[in-house]
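> Sequence:
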Amino acid sequence: MTQASARHILVSSEEQCLALKDEIQNGRDFAEVAKEHSSCPSSRQGGDLGSFGPGQMVPEFDKVVFNDEVGQVHGPVKTQFGYHLLEVTSRS
Numbered sequence: 395m396t397q398a399s400a401r402h403i404l405v406s407s408e409e410q411c412l413a414l415k416d417e418i419q420n421g422r423d424f425a426e427v428a429k430e431h432s433s434c435p436s437s438r439q440g441g442d443l444g445s446f447g448p449g450q451m452v453p454e455f456d457k458v459v460f461n462d463e464v465g466q467v468h469g470p471v472k473t474q475f476g477y478h479l480l481e482v483t484s485r486s
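The sequence shown runs contiguously to residue 486 in the numbering used here.
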């Protein structure tokens, strides 16, 4: 079965999500941005969600994590929880 590892940043607005994405794309460390801004408990680990398979996360995550490019920052991705930036760190 396909497995992936990813990290994410959860914020309440699309605007904040886009601003943080710009910071990361301009060289700021994803993990540091997650620790500073993400409202998810995973922020303590730099947004690291660990390894998971299809169907273990919300469908909006699966669509990105199992289809989009590894190593890129994707988003904003809107879910019932808010707006996310996602970085797929590995997939096998």
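Since the hints were derived computationally from the structure, they do not count as laboratory data. Fair warning: there could be bad hints in the mix.
To be verified - The following label-pair restraints were derived from C-beta to C-beta distances: (1) MET395 to GLU430: 26 to 36 angstroms; (2) MET395 to GLY421: 13 to 23 angstroms; (3) ASP462 to MET395: 17 to 27 angstroms; (4) SER486 to GLU409: 29 to 39 angstroms.
Stated by the list, open to error - With a Cα cut of at most 35 angstroms, we get these calculated DSBU-like pairs of lysine-lysine: (5) LYS457 to LYS415; (6) LYS472 to LYS457; (7) LYS415 to LYS472; (8) LYS429 to LYS415; (9) LYS457 to LYS429.
All figures in this text were calculated on a predicted structure; none of them were measured in a lab. Using N, Cα and C, we set each Cβ at its ideal position, and we do this for glycine too.
> Which numbered hints turn out to be false for this structure?
Checked against the structure, the only hint that fails is number 2, while the rest are satisfied.
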